[in-house]
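Read off the chains here:
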Amino acid sequence: EAQVTQNPRYLITVTGKKLTVTCSQNMNHEYMSWYRQDPGLGLRQIYYSMNVEVTDKGDVPEGYKVSRKEKRNFPLILESPSPNQTSLYFCASSFERGYEQYFGPGTRLTVT
Amino acid sequence: EDQVTQSPEALRLQEGESSSLNCSYTVSGLRGLFWYRQDPGKGPEFLFTLYSAGEEKEKERLKATLTKKESFLHITAPKPEDSATYLCAVFNSNYQLIWGAGTKLIIKP
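Chains H and G supply the protein sequences, listed in that same order.
Per this note's numbering, the very first residue in the first sequence carries number 1; after that it's consecutive.
Per this note's numbering, the very first residue in the second sequence carries number 1; after that it's consecutive.
A hint or two may mislead.
As the list claims (entries may be wrong) - Quick look at which bits of chain G chain H covers, simulated, 3 or more residues with Cβ under 8 Å:
#1 37-49
#2 63-70
Said to hold, decoys possible - On the chain H side, residues computed to face chain G include the following (Cβ under 8 Å):
#3 Y10
#4 D38
#5 G42
#6 L43
#7 R72
#8 F95
#9 Q101
#10 F103
#11 G104
#12 P105
#13 G106
Rather than coming from a laboratory, the hints here were simulated on the basis of the structure.
Each residue gets a CB set at the ideal place from its N, CA and C atoms; glycine is no exception.
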């Protein structure tokens, strides 16, 4: 089954404790992306990757890091989380930039 | 500045009551317009891509249309399972994807 998986699905952590949210796709897609979704603000892109070892900032990259060492995986790293990073996070992939995206199930992060 | 505006913010309909959702856009060149459906707490699910004015696409009770300034998502005889938030996104000539805030659709039985 074609899918995008994210882990964990729910995470409660404390300010400053480094965390990683994993994302994996099995569709051999070139393009992958991370979004955060907050009430009233809609979907905002954090980082994206056009291909392996090629990543770039989206609209709200501050406080986040990513890497793309393998085509299928695109982890999101919060090195020192803060309460304003409490949000619902989605990973997505597509054949190329500009094509329809397939989204993961989401990771609900709470930073206290 | 490129922007995408969806209206209304929320829409309540009775089962079987047809209506339309609007996505208006001002962007620097349109490469494609996307419609997604999002259920609460889940990731958006792709519905349609439209590329040029006059284009139409259909899927079950949904039909998407596109003009030079806006897109409509028409829903015919909706059922309660059509309740969701519908998102519109525009891919512009600068290779940016601009998202609308969504329309929350509630279909009452």
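Verification of the supplied hints:
no., hint, result
1, 37-49, "holds (count 7)"
2, 63-70, "violated (count 0)"
3, Y10, "violated (10 Å)"
4, D38, "violated (11 Å)"
5, G42, "holds (4 Å)"
6, L43, "holds (5 Å)"
7, R72, "violated (17 Å)"
8, F95, "violated (12 Å)"
9, Q101, "holds (7 Å)"
10, F103, "holds (3 Å)"
11, G104, "holds (5 Å)"
12, P105, "holds (6 Å)"
13, G106, "holds (5 Å)"
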